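The residues making up each chain are set out below.
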Amino acid sequence: MIAVQAFSVLSPLVAPLAMLGFVIAAMALPLQTGRADMDHDASAQGGILPQLSAEHLAAAVTEPLIVFDQTATVVHANAAAISIFGSITAGMSLPLKFRAPEMQALIEDMLTGGVSSLAIDYVEKLPVERVYRVSASAIGHGTGLYVLVFKDQSEARRIDRMRADFIANASHEMRTPLASISGFIETLRGPARNDPAAREQFLQIMQNQAGRMARLIDDLLSLSRLEMKSFHRSGVRVDLRNVVESVIDSLAPLAKDSGLEIERNFADGALEVPGDRDELYQVFENLLENACKYGQSGERVIVSIAPSTKGPEPGIDVTIRDFGPGIAEEHIPRVTERFYRVDVETSRSQKGTGLGLSIVKHILTRHNGRLSIESELGKGAAFTVHLPTN
Amino acid sequence: MQSLHIVTAYDEELQYLSKRIAAMGGHAERMVDQAIAALVGADQDLARKVVGDDTVLDDGQREIDDKAILLIAKRQPMAKDLREIVGVIRISADLERVGDLAKNVAKRVASVADGRQPTSLFRGIEALSDLALTQLKEVLDVYASRSVDTIGFVRDRDDQIDAMYTSLFRELLTYMMEDPRNITSCTHLLFCAKNIERIGDHATNIAETIYYIVTGEQMPVERPKGDKTDRIVIQADASSK
Chain A
1 MIAVQAFSVL SPLVAPLAML GFVIAAMALP LQTGRADMDH DASAQGGILP
51 QLSAEHLAAA VTEPLIVFDQ TATVVHANAA AISIFGSITA GMSLPLKFRA
101 PEMQALIEDM LTGGVSSLAI DYVEKLPVER VYRVSASAIG HGTGLYVLVF
151 KDQSEARRID RMRADFIANA SHEMRTPLAS ISGFIETLRG PARNDPAARE
201 QFLQIMQNQA GRMARLIDDL LSLSRLEMKS FHRSGVRVDL RNVVESVIDS
251 LAPLAKDSGL EIERNFADGA LEVPGDRDEL YQVFENLLEN ACKYGQSGER
301 VIVSIAPSTK GPEPGIDVTI RDFGPGIAEE HIPRVTERFY RVDVETSRSQ
351 KGTGLGLSIV KHILTRHNGR LSIESELGKG AAFTVHLPTN
Chain B
391 MQSLHIVTAY DEELQYLSKR IAAMGGHAER MVDQAIAALV GADQDLARKV
441 VGDDTVLDDG QREIDDKAIL LIAKRQPMAK DLREIVGVIR ISADLERVGD
491 LAKNVAKRVA SVADGRQPTS LFRGIEALSD LALTQLKEVL DVYASRSVDT
541 IGFVRDRDDQ IDAMYTSLFR ELLTYMMEDP RNITSCTHLL FCAKNIERIG
591 DHATNIAETI YYIVTGEQMP VERPKGDKTD RIVIQADASS K
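Just so you know, the protein sequences line up as chains A and B, in that order. Residues 1 to 390 (my numbering) make up the first sequence, in order. Residues 391 to 631 (my numbering) make up the second sequence, in order.
In case anyone wonders, no lab produced these hints; they're calculated from the structure. Watch out, some of these pointers could steer you wrong.
Keeping only pairs whose Cα atoms sit at most 30 Å apart, straight-line, the calculated DSS-like set for lysine-lysine is [said to hold, decoys possible]:
1) A:LYS256 to A:LYS379
2) A:LYS351 to A:LYS379
3) B:LYS618 to B:LYS527
4) B:LYS527 to A:LYS151
5) B:LYS464 to A:LYS151
6) B:LYS409 to A:LYS125
7) B:LYS527 to A:LYS125
8) B:LYS497 to A:LYS379
9) B:LYS584 to A:LYS361
10) B:LYS409 to A:LYS151
11) B:LYS439 to A:LYS125
12) B:LYS584 to A:LYS125
13) A:LYS361 to A:LYS125
14) B:LYS464 to A:LYS125
15) B:LYS527 to A:LYS361
16) A:LYS151 to A:LYS256
17) B:LYS470 to A:LYS361
18) B:LYS409 to B:LYS464
19) A:LYS361 to A:LYS351
20) A:LYS293 to A:LYS361
21) B:LYS497 to B:LYS439
Fair warning: this is a prediction, and the values are worked out from it, not measured in the lab.
With the rest of the complex left out, here is chain A:
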C-alpha cells in the first residue's frame, strides 16, 4: 500500500476563493435580490470588489461562516466560527464536526440536491445552549464551493425557556416564604390582634421572609439574565488580582462580622484571563461570601491566585479555602445544582438562596473555565476556579 502526501489542499483553491468575495458580500443583501442584480452591482463598483480576498471578507463577517467543497471538506472557517465551535481547520471533514442529524441532512442535501440554498434550525445543547438558523448556499461561478452561515437565534428561544424555567423554579421556592407570610397575616388579624409583643415578633419574621423572597428573585433574575446573554468572547482581558482584591474589599465587613481573617496569597507576574469583569467579579464574590458564611468556625479564609499547573491548557487557578466544617463527599458533585442544599437549615439561616453556586458554574462554563471542589469533613473546603489564559 503506497500513500503519497497530498499537496496543500488549499493551493488550487486560492483563485476561486478570491472570487468568492462579492458572492459572500451579496449574502448580506436581502434575499430577494436576484443573482443578476448582484453581478450588476459588483461590476458597477468598479475593480475593487472582485479583487477583495474572500478570507478578509469572511473575517469581517461577525456570524460564523464556513466554506466547504464537494466532498464536504472544510476550505475555510472564519474567526467567528472558530471562536464559537472550537478548532475547525481546513481539510477537516464537515459532517464529522456537525453530527446532529439535521446538519448531516443539510450538508448531504446541499451536495446532492442540486438546489442553490437551504436553511434549517440547529440547536447546540452543550456546553451552553445555542440555537442557530443555518443556511447553506452554493457559491457557484465554477468554484464548486458551498458556504454555511450560522445566525444566532438563541435569544428568542432563551426568553421562552426562561419564562418556563423561572415559573417552575420560582413557584416551588416562593411558596414556603409566601405561605409563612400569609399565615402570620391571618394570625395578626385574628388571635394576635391585640398582642403588641406578638405583633412585633411576627412582623419581624414576615420581614425576614419577604427579604428572602427578594433575594430569591434577584438570584433567579441574575441567573436567567446570564443564560440569555449571547455567548460571545470579546477578547477583553481581565486582571484577576485586581478583581479578587476588590471582592475582598467589598466583603471585608462581612468577614469582620463573622470573625474571619482573609489571607492573600497571590503569585507574582501577569494574572490576566480573557473574560467579562462583572461576571468574574460575581464568581469570586459568591465563593468568598460562601466561605465567610459557612467557614465561620475556621477563623480564617485563604485566597490564592497562581498559574495553573495541571489541566490541558495554560490557565490561572484562584482558590478560596475556608476551614469550616467542610462538605461531605456525597454532596460535592451536587452543590452546583439549582436549589441543592447540603443542609437546608444552615442555608436558610445564612440567607442562602440555593442559586449562588449555580450562577458560579454558569459563568465559568461561559468562560471555558472549571470549578473544582475539594473538601474533607471537619477540615474545611477549597473551591478552585480554573480559567484558561487564552
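Here the structure of chain A is known, so what remains is to put chain B in place on it, guided by the hints.
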C-alpha cells in the same frame, strides 16, 4: 491528516466510514439527549420516538461492520489505515451500545412517571447526563480534529461522572428508605443513572480507540478510580435524620 492513496476509491471508502461514524455519533447524542428530556419532562411520546430511533444505530453498526470487513479484504490495509478501520468497527460498537442505553432510559419513562419523585432527583439526573453528553461530544470532536493531545480531559470528566453517580445512588437509597412506595420509581431511576454512567464509560472507550488510531499506541494507563457505589450502605435508622 489528509494523505492520499494511489487508488482514490480507497480514500473515498475510508472517508465514507468516518462520515458514517459521525452520523451514528450524532444520532447517539440526540437519542441520549431526548431520552433524558423525556424522563425529566415525563414525555411518553418523546420516549417512544427514542425507542424507535434505536434501529438507526443498529443498522449503522451493521453497515459499518460490512463495509469495514470488505475494505480489509479488498485493500489489505496496513499501519494507520488498518488502525483506522479496526477503530471504526470498535467505535461503532460503542455508539450502538450508547443507543441501547438511551433506549433503555426511554423505556423506563412510563414507569417513573407513575410516582413523581422530588425535582432535585431529576436535576441530579440531568446534571449527570450533561456530564456524560459533554464527554461524548468532546470525544467525537476529537475524532473530527484528531488532536489527541487534549484527550486527557476524558479521565477528569470520568471522575466527575463517577462522583455524581455515587451521590445520586445514595440519594435514591435514602428516598427508598423513607417510603417503600418510592421503591418502584426509584429503582427505575437507579437504572437510568447507571445507564448514563455507562454512556460516559463508552465515551472513554471511544477516546482510547481514537488515541490508538492516531498515535498507534495505547493511551497511557492511569487507573480511573471508579464509582464508590459498591461500598454504600445506608442503615435504616440513619434514614430518619
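Structure-based check of each hint:
1. A:LYS256 to A:LYS379: 21 Å, holds
2. A:LYS351 to A:LYS379: Given pair LYS351 of chain A, LYS379 of chain A holds - Cα atoms ~23 Å apart, limit 30 Å.
3. B:LYS618 to B:LYS527: Answer holds: LYS618 of chain B to LYS527 of chain B is near 25 Å, not above 30 Å.
4. B:LYS527 to A:LYS151: With a Cα-Cα distance of about 22 Å, the restraint between LYS527 of chain B and LYS151 of chain A holds, given a limit of 30 Å.
5. B:LYS464 to A:LYS151: Violated, at roughly 44 Å.
6. B:LYS409 to A:LYS125: 21 Å, holds
7. B:LYS527 to A:LYS125: 10 Å, holds
8. B:LYS497 to A:LYS379: 44 Å, violated
9. B:LYS584 to A:LYS361: Satisfied, since the Cα-Cα distance of roughly 24 Å is no more than 30 Å.
10. B:LYS409 to A:LYS151: 25 Å, holds
11. B:LYS439 to A:LYS125: Given that 30 Å is the threshold and the Cα spacing comes to 19 Å, the pair holds.
12. B:LYS584 to A:LYS125: 22 Å, holds
13. A:LYS361 to A:LYS125: 16 Å, holds
14. B:LYS464 to A:LYS125: Measuring from Cα to Cα gives roughly 41 Å; hence the hint is violated.
15. B:LYS527 to A:LYS361: Given that 30 Å is the threshold and the Cα spacing comes to 19 Å, the pair holds.
16. A:LYS151 to A:LYS256: 50 Å, violated
17. B:LYS470 to A:LYS361: 40 Å, violated
18. B:LYS409 to B:LYS464: 20 Å, holds
19. A:LYS361 to A:LYS351: 20 Å, holds
20. A:LYS293 to A:LYS361: 19 Å, holds
21. B:LYS497 to B:LYS439: 10 Å, holds
Consistency with the previously given hints fails for numbers 5, 8, 14, 16, 17, ordered from lowest to highest.
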